[in-house]
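**Q** Chain by chain, the residues:
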Amino acid sequence: MTTLTAKPASEGIAGFAALLRDHGMIVGPAEQTAMLFAIGALGGLKVGVVRSAWRAIACHSSRDWRQWDELFDRYWHPSRTRGQVKVSGQTRPKRDVRQAVQAMRDDMDAAASKPGSRAAKTAGDQPATQDAPVSDAPQAQGGASRAEALAQRDGQMWLPEELSQLRALAKQITNHLRPTPTRRWQALHNGRRLGLRQTLRRSVAFGGEPVNPVWLNRRVEAPKIFILVDVSRSMESHAAFFLRVARAFAQQSQARAFVFHTRIIEITNLLQRDSAAVQEKINAVTAGFGAGTRIATSLEAFTRQHARAQLSRSARVWVFSDGFDTDEPGALADALAELRQRGARISWFHPTHKAAISAALQGGKKYIDRFVPLANLADLQAARPLLR
Amino acid sequence: MAATPDDLRQSLHRVGYLADTDLSTAVWLAAELERPVLLEGDAGVGKTALAQALAKASNATLVRLQCFEGLDLSQAAYEWNYSRQLMSIRAHEASGGAIRTDDVFGRDFLLERPLLKAISQPGPCVLLIDEIDRADEAFEAFLLEVLAEYQITVPEIGTVKATTVPQVILTSNGTRELSDALRRRCLYHHLDYPTLAREIAIVKATLPDVDSQLVEDAVQFVQRLRGDDLAKTPGVAETLDWIKALHRMNVHILASDMAPLLATLGCLLKTSEDHFMVNADRMLQIMEGRRYEGVAVKNAAPEGAA
Numbered sequence: 001m002t003t004l005t006a007k008p009a010s011e012g013i014a015g016f017a018a019l020l021r022d023h024g025m026i027v028g029p030a031e032q033t034a035m036l037f038a039i040g041a042l043g044g045l046k047v048g049v050v051r052s053a054w055r056a057i058a059c060h061s062s063r064d065w066r067q068w069d070e071l072f073d074r075y076w077h078p079s080r081t082r083g084q085v086k087v088s089g090q091t092r093p094k095r096d097v098r099q100a101v102q103a104m105r106d107d108m109d110a111a112a113s114k115p116g117s118r119a120a121k122t123a124g125d126q127p128a129t130q131d132a133p134v135s136d137a138p139q140a141q142g143g144a145s146r147a148e149a150l151a152q153r154d155g156q157m158w159l160p161e162e163l164s165q166l167r168a169l170a171k172q173i174t175n176h177l178r179p180t181p182t183r184r185w186q187a188l189h190n191g192r193r194l195g196l197r198q199t200l201r202r203s204v205a206f207g208g209e210p211v212n213p214v215w216l217n218r219r220v221e222a223p224k225i226f227i228l229v230d231v232s233r234s235m236e237s238h239a240a241f242f243l244r245v246a247r248a249f250a251q252q253s254q255a256r257a258f259v260f261h262t263r264i265i266e267i268t269n270l271l272q273r274d275s276a277a278v279q280e281k282i283n284a285v286t287a288g289f290g291a292g293t294r295i296a297t298s299l300e301a302f303t304r305q306h307a308r309a310q311l312s313r314s315a316r317v318w319v320f321s322d323g324f325d326t327d328e329p330g331a332l333a334d335a336l337a338e339l340r341q342r343g344a345r346i347s348w349f350h351p352t353h354k355a356a357i358s359a360a361l362q363g364g365k366k367y368i369d370r371f372v373p374l375a376n377l378a379d380l381q382a383a384r385p386l387l388r
Numbered sequence: 001m002a003a004t005p006d007d008l009r010q011s012l013h014r015v016g017y018l019a020d021t022d023l024s025t026a027v028w029l030a031a032e033l034e035r036p037v038l039l040e041g042d043a044g045v046g047k048t049a050l051a052q053a054l055a056k057a058s059n060a061t062l063v064r065l066q067c068f069e070g071l072d073l074s075q076a077a078y079e080w081n082y083s084r085q086l087m088s089i090r091a092h093e094a095s096g097g098a099i100r101t102d103d104v105f106g107r108d109f110l111l112e113r114p115l116l117k118a119i120s121q122p123g124p125c126v127l128l129i130d131e132i133d134r135a136d137e138a139f140e141a142f143l144l145e146v147l148a149e150y151q152i153t154v155p156e157i158g159t160v161k162a163t164t165v166p167q168v169i170l171t172s173n174g175t176r177e178l179s180d181a182l183r184r185r186c187l188y189h190h191l192d193y194p195t196l197a198r199e200i201a202i203v204k205a206t207l208p209d210v211d212s213q214l215v216e217d218a219v220q221f222v223q224r225l226r227g228d229d230l231a232k233t234p235g236v237a238e239t240l241d242w243i244k245a246l247h248r249m250n251v252h253i254l255a256s257d258m259a260p261l262l263a264t265l266g267c268l269l270k271t272s273e274d275h276f277m278v279n280a281d282r283m284l285q286i287m288e289g290r291r292y293e294g295v296a297v298k299n300a301a302p303e304g305a306a
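For the protein sequence lines, the chains are A and B, in the order given. When we follow my numbering, the leftmost residue of the first sequence carries the number 1, and every step to the right adds one. When we follow my numbering, the leftmost residue of the second sequence carries the number 1, and every step to the right adds one.
Just so you know, these hints were derived from the structure itself, not from any lab. Heads up, some of the hints might be wrong.
Claimed, not checked - Sample of chain A residues with no beta-carbon within 10 angstroms of chain B, all distances over it, derived: (1) R21; (2) H23; (3) S52; (4) H77; (5) R80; (6) P179; (7) R184; (8) P329; (9) E338; (10) G363.
Said to hold, decoys possible - If you want a taste of the chain A side facing chain B, the calculated C-beta under 10 angstroms gives, among others: (11) D22; (12) G24; (13) G28; (14) W185; (15) V220; (16) P223; (17) R256; (18) S312.
Note that CB positions come from ideal geometry on N, CA and C, so glycine has one too.
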């Protein structure tokens with residue numbers, strides 16, 4: 001029978017909770033108390049059962065659910081997880097940004113190199129052809145190297161007024177998005193149509209006198225914004241800006257934000273935290289991603305898993321990417337077609353003012369509603385009337 | 001109430017619901033902590049069935065609240081019985097007596113809707129709040145009091161507190177993001193499509209009369225079908241319906257005749273696009289375990305034959 005590592009339970013749980021919080025999970029004192037209670041109620045430390053019980057307590061969404069096993073093993077069985085960051089039993093691991101970056105990079109690398117997952121090798125800068133031989137060796141991509149990107153971070157510093165300007169812009173753009181009318185009606189004080197059925201129903205309380213009429217208006221669905229940011233190597237110099245934009249929308253308009261390179265992960269929770277340290281961490285994360293970009297695979301995962309139930313006519317999907325894809329030629333067009341089929345409106349934000357030249361994007365552009373150049377705040381301001 | 005998660009798993013098994021360790025632990029722990037369970041997953045994976053099985057296994061009353069857009073307090077918690085109140089007023093007027101507040105605002109004049117009914121149960125009760133993501137956010141906020149304190153406040157008569165804390169199961173298909181406040185009040189479990197072995201076991205437990213070979217072939221077929229890009233992926237409920245239909249049509253081996261398979265495909269596929277995609281050829285491919293044939297393969301086949 002396997003048991004948990006022998007640490008004082010409360011101390012171990014506090015450290016574990018800190019690790020979970022570092023990965024965007026909401027684990028406060030209430031959850032930690034429940035975890036301690038679960039150990040007592042289960043009458044022992046059988047790993048399988050404790051793992052299941054704690055999972056039910058600490059996870060609050062399918063995203064948490066998916067990363068649970070990996071985090072549990074990393075903390076409680078560091079010897080089993082080769083190549084991972086070993087976390088000590090400190091109640092709050094003190095890690096600087098560089099270590100945090102390394103941990104997140106390890107997460108991504110480990111997931112990308114799992115058996116069965118096709119790791120991308122190259123991202124051709126020019127339109128790919130069927131005849132071109134594909135080399136197994138990793139090739140350099142557009143954009144700066146890791147060291148250069150870190151050295152340039154000073155240039156990415158934002159003044160507080162610029163940040164507030166970005167947030168205000170995000171709010172304006174969100175307000176500008178057209179809500180989608182639905183077939184349904186809802187009761188509103190300033191409604192224009194008399195809800196006869198509801199009025200009659202209410203009149204029963206007043207002896208049949210319709211003294212409290214119900215007014216209806218057509219129900220509208222607020223646009224749901226999904227932002228997908230490419231953080232592959234070719235996007236190193238642009239990703240920090242894009243993530244700031246994503247963060248502004250995540251905070252101002254409840255947008256869901258994702259990052260992708262060879263796979264896609266959701267970072268909405270991370271972006272919604274109002275902390276300078278988190279932003280610094282996110283900036284630094286973008287500086288280090290290597291490998292290629294599998295846009296088609298990431299979009300497919302987004303459509304089929306992450307946002308499957310939420311994609312409808314009111315969905316706005318904004319992809320921030322240069323379009324260089326290492327997936328099969330034509331795969332991006334298929335992924336975009338599938339996304340479009342769900343009713344979503346797709347806008348593609350390109351990091352330069354030049355026309356997108358990647359072959360994948362050329363093939364899939366008929367499914368994209370709008371291309372928007374986005375290199376700075378002025379571009380976002382200019383794009384405001386275009387985004388509806 | 002089950003003493004351990006394993007006891008609960010076995011009692012659920014006895015009533016025909018096969019839960020894994022994760023699920024049985026979550027449900028057992030929720031009962032111990034007196035917390036609701038939030039089940040998320042695709043339609044047809046067994047979320048609602050769990051609540052029904054739980055009620056059956058624990059001899060509890062099942063109270064179901066089906067959520068929908070526009071659901072309000074009067075449909076979910078309670079409503080005054082206006083007709084009865086009016087009758088009472090008339091009766092008092094006829095007898096010449098004075099009318100007091102208690103004469104028209106008491107428990108007798110309250111129509112119990114599912115939430116009030118659940119917390120008023122004298123015995124064990126399972127409250128199923130189905131498809132909470134379909135309800136409005138305002139209703140979600142109202143639920144917080146019920147789920148945290150197991151009580152409902154009726155302004156005219158005070159607070160009604162649960163005599164026996166009901167076991168609450170909330171289900172969601174993920175069409176809308178639920179609030180963090182609601183999520184944190186619940187224990188969470190994500191139900192996914194079952195594995196091949198598990199689904200075979202579920203079907204065999206539910207339909208014991210069906211040929212074992214047919215069950216295995218049909219379940220394998222459905223599992224492969226789920227890999228296709230369908231608008232509506234068939235769940236366990238659809239698998240059960242389909243196998244039941246095949247059994248009624250006296251099909252014993254899946255690959256014997258395509259006609260009954262095509263005739264019963266409506267049990268699995270629920271949109272015209274899916275029917276268009278899964279034609280007889282594709283069904284054969286799935287049964288043989290082949291993926292889609294690309295254009296290159298289709299073109300190469302005649303040349304190779306020549």
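**Q** Does each hint fit the structure? Answer for all of them.
**A** The hints, checked one at a time:
1. At roughly 13 angstroms, the least C-beta separation between A/R21 and chain B is larger than 10 angstroms, which holds for a residue marked as non-interface.
2. With a minimum CB-CB distance of about 15 angstroms to chain B, A/H23 clears the 10 angstroms threshold, and the non-interface call stands.
3. Non-interface status of A/S52 relative to chain B is broken: a Cβ of that chain comes within 10 angstroms, the nearest being about 4 angstroms off.
4. In this structure A/H77 is separated from chain B by more than 10 angstroms, as the shortest Cβ-Cβ distance comes to about 18 angstroms.
5. For A/R80, the condition that its CB be more than 10 angstroms from all CB atoms of chain B holds, with the nearest at approximately 19 angstroms.
6. With a cut of 10 angstroms on Cβ distances, A/P179 stays outside the contact zone with chain B, its closest approach being about 15 angstroms.
7. Here A/R184 does not stay apart from chain B, with its beta-carbon only about 6 angstroms from theirs, under the 10 angstroms limit.
8. Here A/P329 stays apart from chain B, with its beta-carbon at least about 13 angstroms from theirs, past the 10 angstroms limit.
9. Distance check on A/E338: its Cβ comes as close as 7 angstroms (rounded) to a Cβ of chain B, failing to clear the 10 angstroms threshold; non-interface status is violated.
10. Against chain B, the non-interface label of A/G363 holds: every CB pair exceeds 10 angstroms, the least being about 16 angstroms.
11. The restraint placing A/D22 at the interface with chain B is violated, with a minimum CB-CB distance near 18 angstroms, outside the 10 angstroms limit.
12. At about 12 angstroms, the closest approach between the beta carbon of A/G24 and any beta carbon in chain B exceeds 10 angstroms, and the interface hint on this residue is violated.
13. Given hint, A/G28 at the interface with chain B, holds; its Cβ is 8 angstroms from that chain's nearest Cβ, closer than 10 angstroms.
14. Using the Cβ-Cβ criterion of 10 angstroms, the hint placing A/W185 at the interface with chain B is satisfied: the shortest such distance is roughly 9 angstroms.
15. The criterion of a C-beta within 10 angstroms of any C-beta in chain B is not met by A/V220, whose closest approach is roughly 13 angstroms, and the hint is violated.
16. For the restraint placing A/P223 at the interface with chain B, the shortest Cβ-Cβ distance is roughly 14 angstroms, beyond the 10 angstroms limit, so the hint is violated.
17. Because the smallest distance between the Cβ of A/R256 and any Cβ of chain B comes to about 8 angstroms, under 10 angstroms, the interface hint for this residue holds.
18. Below 10 angstroms, beta-carbon pairs count as interface contacts, and A/S312 has one with chain B at about 8 angstroms; its hint therefore holds.
When the structure is compared with the earlier hints, violations turn up for hints 3, 7, 9, 11, 12, 15 and 16 and for no others.
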